[in-house]
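Asker: Here is what each chain is made of, one letter per residue.
Number of protein chains: 2
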Amino acid sequence: MPPSPPDRMRLTLKDVAARAGVSRATVSLVLRDSPLVAAETRDRVRGAVDALGYVYNRGAATLRSSRTKTIGLLVTDLSNPFFAEMAIGVDRVMEAEGYVSFLVSTGESLERQERFLRRMREQGVDGVVLCPATGTAPGLVRMLREWSLPCVQALRCVTLPPGEEPGDYAGADYRSGVEETVEHLVRLGHRRIAFIGGELLHSATRERWAGFRDAMRRHGLDDGLILRTPLTRRAGAETIGSLLDSSDPPSAAICFNDIVAFGVMLGLERRGLRAGRDLAVTGVDDLPDAALTEPPLTTVSTLPRLVGEESARLLLRRIAEPERRSERIVLPARLVLRASCGVTRQAAAPLLAQAALR
Amino acid sequence: MPPSPPDRMRLTLKDVAARAGVSRATVSLVLRDSPLVAAETRDRVRGAVDALGYVYNRGAATLRSSRTKTIGLLVTDLSNPFFAEMAIGVDRVMEAEGYVSFLVSTGESLERQERFLRRMREQGVDGVVLCPATGTAPGLVRMLREWSLPCVQALRCVTLPPGEEPGDYAGADYRSGVEETVEHLVRLGHRRIAFIGGELLHSATRERWAGFRDAMRRHGLDDGLILRTPLTRRAGAETIGSLLDSSDPPSAAICFNDIVAFGVMLGLERRGLRAGRDLAVTGVDDLPDAALTEPPLTTVSTLPRLVGEESARLLLRRIAEPERRSERIVLPARLVLRASCGVTRQAAAPLLAQAALR
DNA sequence: CCGTTCTTTTGGATCGATCCAATCCCAACC
DNA sequence: GGTTGGGATTGGATCGATCCAAAAGAACGG
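Line by line, the protein sequences give chains A and B. Using UniProt numbering, the final residue of the first sequence is 358, and nothing's skipped along the way. Using UniProt numbering, the final residue of the second sequence is 358, and nothing's skipped along the way.
Heads up, some of the hints might be wrong.
Which copy is meant is left open, because identical chains are indistinguishable; a pair holds if it fits in one copy or across any two.
[Unchecked claim] Below 20 Å or equal to it, Euclidean Cα-Cα: the simulated SDA-like pairs (lysine to any residue) are:
| # | residue 1 | residue 2 |
| --- | --- | --- |
| 1 | Lys14 | Leu231 |
| 2 | Lys14 | Arg42 |
| 3 | Lys14 | Arg228 |
| 4 | Lys14 | Glu327 |
| 5 | Lys69 | Pro322 |
| 6 | Lys14 | Glu183 |
| 7 | Lys69 | Asp245 |
| 8 | Lys14 | Ser28 |
| 9 | Lys69 | Ser148 |
| 10 | Lys69 | Gly53 |
| 11 | Lys69 | Asn57 |
| 12 | Lys69 | Thr41 |
| 13 | Lys14 | Glu122 |
| 14 | Lys69 | Val186 |
It is worth saying that the hints were derived from the structure and are not from the lab.
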């Protein structure tokens, strides 16, 4: 460790320059890894930096260059590991480029979301990754554009009227993930399938519902059994109870996400029933816990960390080139077969005949 | 919304000053809510700010005042909702004071931890809240002190040699929480109790172990059944299996945290056993899910959000007054009785006699 | 030896707020 | 009427890096 400055005075470029026998400008170039400086000079300056224990003052650099090497990252609910993972993904990519992130959890509050964005502007962040809170209006995206603050939406997105640039977006293909789930359940012989969860109207909900409806209709099945519930374990447990008591209960339940699916499995357990035997249950997200329930949960893997990484890369591209066209990155979402949907693909064939007899 | 600046030029204090017919200095005072300015002037300036759509440039302010109104927040694992909650707590308090936080998940990597702290110093944060990664040496705390960067440790803490100022710390009273758990289990008649989890040597582990050992010894019981395992669901499930197969299996298991406890319950379920009936199981943290397992989990509530809030307040005090004495805030941790430990306090009395006959 | 080109280095101006000592204003008091 | 005092306001210097145009130095051919 270099010896700390003996006095309380903070060292500046000038001190380093004096010690290395060059000008301030040269030191500045070295610190920014400019190819302009000669190797010999570079080493000398580096030596001086280490010897003095000089600390770069990013604030001063910002003022002059109006580049802060910081970004804002807004997620709706940090205590949901799904979003936390995505935040980690963003951070890993940004960090490698020398950026640091302001992270905040909006808790689905539009007011907090906007306040934070305003503050990010004051801070002069180079861009933001935004998971829009439920109910975010297109006006917000326009506002950011007005500010010329680069923004990438992640996991959810605000839809702008056609004709307007939609803006960058990175997310998972919820729609086809749910479609694939329906296909699989139908193949297993299920005809009456419920979709559980998603009271909030945002793109991630609409995509799932669309996938569900399309796939059900394709098979001529009733696509109306969609239950709007909060996205909690508790809601899952409660919903499944009333559902099973109804006059025409389903034989399978596709849940909005794994959390709801865990709740459904809990609800079944409380009634002495079991997922996979008495009701096929599936989720979305493939949280680490999904493989560890009893029975393990069939679910759609949406790889939040990857989504985070892609959002970050997208934002970096946008910062480098603000005028480029909007880009949408939709990562594939694959169905991960486990026991909670009754039977895995390999074992499905013999059962299909049996199911047809129902 | 104020009309955006018509040209690309960024507005400065000077523009606002001109419009309001005052000097730059006065505008600056208004923006900082100084009591020095007359009410009439203040309103006029505020009007000009709104009319022009002026955006405060915090970077410039920082350079001059060397106060950034930012802090760094380092947690070990953001995808653990426990830490995420604590981060939210920190953020809420800081936000109310006009601060924003750089948040990073170190993933228990000492190298990442140090790199991030260095970057925080360059950014000029006013302070950091640190959950030290496992294996963090006292040298790190000394380094921060050398940098005169205010630091509050949270949830875990590095122990410095006696005589040295220990530094600020906020956390939960794991020790007495675990002691209380032991007391309760003993009251229920358990004699052979295992402690599961905690391979990593940090203060939060040591405290739990100490609480366990003390309480067991106090009752003349064997305090040696401590199983070091990773802090995951999977580890909990695997550990309980081998434990039950051993020659002298325990009748109760106190788990490091709820995650491990969930794993243990899963392990029991896989063997057709049930927590609370075949083995008493308890956890620590009282995650939201703890109330929703089957059976619900008895656990020690540690209120991570509160710990976060306290850490933030502590940091604010330290920033305001760097030379004050170190402060330790240890929040009480209470045992929350649920069914997984076999029987709740109210129902315990009749069972005690029966237990004595074993 | 000079002109040309290319590489490397440089000093001064600049970014936009805050700090501070000085000034201004106006009422109150002797 | 002059002086004092306190509240309100101000102009210029300042924080520490980057930008830029220009200079210095090196290399080389004619």
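Asker: Determine for every hint whether it applies to the structure shown.
Answerer: Structure-based check of each hint:
1. Lys14 <-> Leu231: neither (57 Å within a copy, 50 Å between copies)
2. Lys14 <-> Arg42: Answer is within: at 16 Å inside a copy they meet the 20 Å cutoff, but 40 Å across does not.
3. Lys14 <-> Arg228: neither (64 Å within a copy, 54 Å between copies)
4. Lys14 <-> Glu327: Neither, since 44 Å and 39 Å both go past 20 Å.
5. Lys69 <-> Pro322: within (15 Å within a copy, 28 Å between copies)
6. Lys14 <-> Glu183: Cα proximity of lysine 14 and glutamate 183: none, with 68 Å in one copy and 65 Å across.
7. Lys69 <-> Asp245: neither (56 Å within a copy, 56 Å between copies)
8. Lys14 <-> Ser28: For lysine 14 and serine 28, only the intra-copy Cα distance (10 Å) is at most 20 Å; the inter-copy one is 29 Å.
9. Lys69 <-> Ser148: within (16 Å within a copy, 24 Å between copies)
10. Lys69 <-> Gly53: Close neither inside one copy (22 Å) nor across copies (25 Å); limit 20 Å.
11. Lys69 <-> Asn57: Intra 12 Å, inter 15 Å, cutoff 20 Å: intra and inter.
12. Lys69 <-> Thr41: neither (26 Å within a copy, 37 Å between copies)
13. Lys14 <-> Glu122: For lysine 14 and glutamate 122, only the inter-copy Cα distance (17 Å) is at most 20 Å; the intra-copy one is 29 Å.
14. Lys69 <-> Val186: This pair counts as neither: shortest intra-copy Cα distance 50 Å, inter-copy 56 Å.
In this structure, the hints that do not hold are numbers 1, 3, 4, 6, 7, 10, 12, 14, in rising order.
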